[in-house]
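Enquirer: Sequences are here, hints too, so could you generate the full structure?
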Amino acid sequence: MQTIIHGGLVIPATGQEPITRGIVAIEEGRIVAVGRGADLGELHSGVHRLDATGCTVLPGLIDGHVHVFTYPHNAGFTEAEATVWVTNYLRSALCAGVTSVRDLSSPWDAIHAVKRGVEEKWIVGPRMRVAGRAIAMTGGHGYNEGVLEADGIIGLRRAAREQLKHGADVIKLMATGGVATPGELPTSWQLEVDEMRAAVQEAHKRGRPATAHAYATGGIKNALLAGVDGIEHGVYLDDDVIERMLEQGTFLSPTMSVYHRIIEAGKVGKMPAYRVEKAKRLAEVHGATFRRAMEAGVKISMGTDAVSL
176 MQTIIHGGLV
186 IPATGQEPIT
196 RGIVAIEEGR
206 IVAVGRGADL
216 GELHSGVHRL
226 DATGCTVLPG
236 LIDGHVHVFT
246 YPHNAGFTEA
256 EATVWVTNYL
266 RSALCAGVTS
276 VRDLSSPWDA
286 IHAVKRGVEE
296 KWIVGPRMRV
306 AGRAIAMTGG
316 HGYNEGVLEA
326 DGIIGLRRAA
336 REQLKHGADV
346 IKLMATGGVA
356 TPGELPTSWQ
366 LEVDEMRAAV
376 QEAHKRGRPA
386 TAHAYATGGI
396 KNALLAGVDG
406 IEHGVYLDDD
416 VIERMLEQGT
426 FLSPTMSVYH
436 RIIEAGKVGK
446 MPAYRVEKAK
456 RLAEVHGATF
466 RRAMEAGVKI
476 SMGTDAVSL
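Okay, so the sequence shown: first residue is 176 according to the working numbering, each after it adds one.
Just so you know, the hints here were simulated from the structure itself, not pulled from any lab data.
All of these numbers come straight from a predicted model, not from anything done at the bench.
Please note: incorrect hints may appear among the correct ones.
[As the list claims (entries may be wrong)] Here are the simulated lysine to aspartate or glutamate pairs, DMTMM-like style, with alpha carbons at most 20 Å apart:
hint, residue 1, residue 2
1, 396, 369
2, 455, 422
3, 380, 337
[To be verified] Computed beta-carbon distance windows for the label pairs:
hint, residue 1, residue 2, range
4, 206, 326, 26 to 32 Å
5, 228, 208, 18 to 24 Å
6, 229, 204, 23 to 29 Å
Where is the CB? At the ideal position from N, CA and C, for every residue including glycine.
Expert: If you want it as structure tokens, here you go:
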């Protein structure tokens with residue numbers, strides 16, 4: 176059965192101009208044709224038609240940085256309760272047009288079961304790629320939110336292997352401090368180059384990428400020297416970092432909207448003051464450094480750092 180979406184303003188997202196009264200043809204869950212009605216010829220009678228007149232039709236959105244279990248973990252849910260919560264959240268994300276997500280740290284191994292449920296279609300939600308639990312130094316970023324704490328080359332290698340054993344699609348490393356963890360600064364370095372390199376090697380041996388949470392310039396440089404494939408946040412970029420990212424083909428996921436969500440939540444008492452103050456400082460500088468990276472040609476990946484509120 177072929178499905179035809181017709182009558183709407185179609186945005187191909189391929190560089191083409193939007194198509195007025197366009198048609199999108201779908202077979203077995205894949206888009207097989209996009210164009211104007213006249214371009215696609217006469218439609219046979221066996222198709223299922225969806226009239227999108229007055230609507231805009233665009234490809235599914237990909238959110239490359241989410242944390243679907245963070246809110247229920249911090250709200251004191253059990254793992255079972257959190258899983259029920261997350262399955263409903265994923266359905267709502269799909270209904271909002273998000274068709275793929277990458278979860279970059281979960282406090283529970285249930286993230287792997289949720290991913291399987293989506294793949295096997297007993298849960299409705301976006302396609303998922305998951306990191307399992309992010310890896311941080313002892314007491315490092317995210318220790319209060321269920322990350323896996325490890326130290327030294329052997330410790331990082333073992334931690335990465337453990338996450339890969341559970342089914343991680345990507346290894347997430349905490350190269351610097353951040354916003355959500357008390358008692359640390361986003362400008363502080365954490366995991367060392369050799370530690371991260373060991374984890375990156377394990378990911379690459381399995382054909383999986385590795386990415387690093389990194390705000391501080393020195394921490395970003397350390398992560399790049401370790402060979403990561405992506406930088407999450409990347410607030411304090413300098414010219415040397417940008418040049419290295421260009422040379423290595425490293426992606427940047429700036430997650431810029433998260434600071435504004437934290438600040439707004441703080442205004443109504445739903446966010447600790449220490450998080451709000453750090454978010455304000457980061458928001459002041461991030462726009463300028465992101466613009467420099469984008470203009471230089473660094474590859475950008477969209478990510479919101481959203482949690483399942």
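Enquirer: Run every hint past the structure and note whether it holds.
Expert: We went through each hint and held it up to the structure:
As the CA atoms of residue 396 and residue 369 are separated by approximately 12 Å, the hinted pair is consistent with the 20 Å bound. Between the alpha carbons of residue 455 and residue 422 the distance comes to roughly 31 Å, so the proposed pair goes past 20 Å and is violated. At most 20 Å may separate the alpha-carbon atoms for a hinted pair to count; residue 380 and residue 337 meet this at roughly 14 Å. In this structure the hint that residue 206 and residue 326 lie 26 to 32 Å apart at CB is violated, the actual value being about 47 Å.
The hinted range of 18 to 24 Å is satisfied by residue 228 and residue 208, whose Cβ atoms lie roughly 19 Å apart. Range check, residue 229 to residue 204: Cβ separation about 25 Å, and the 23 to 29 Å hint holds.
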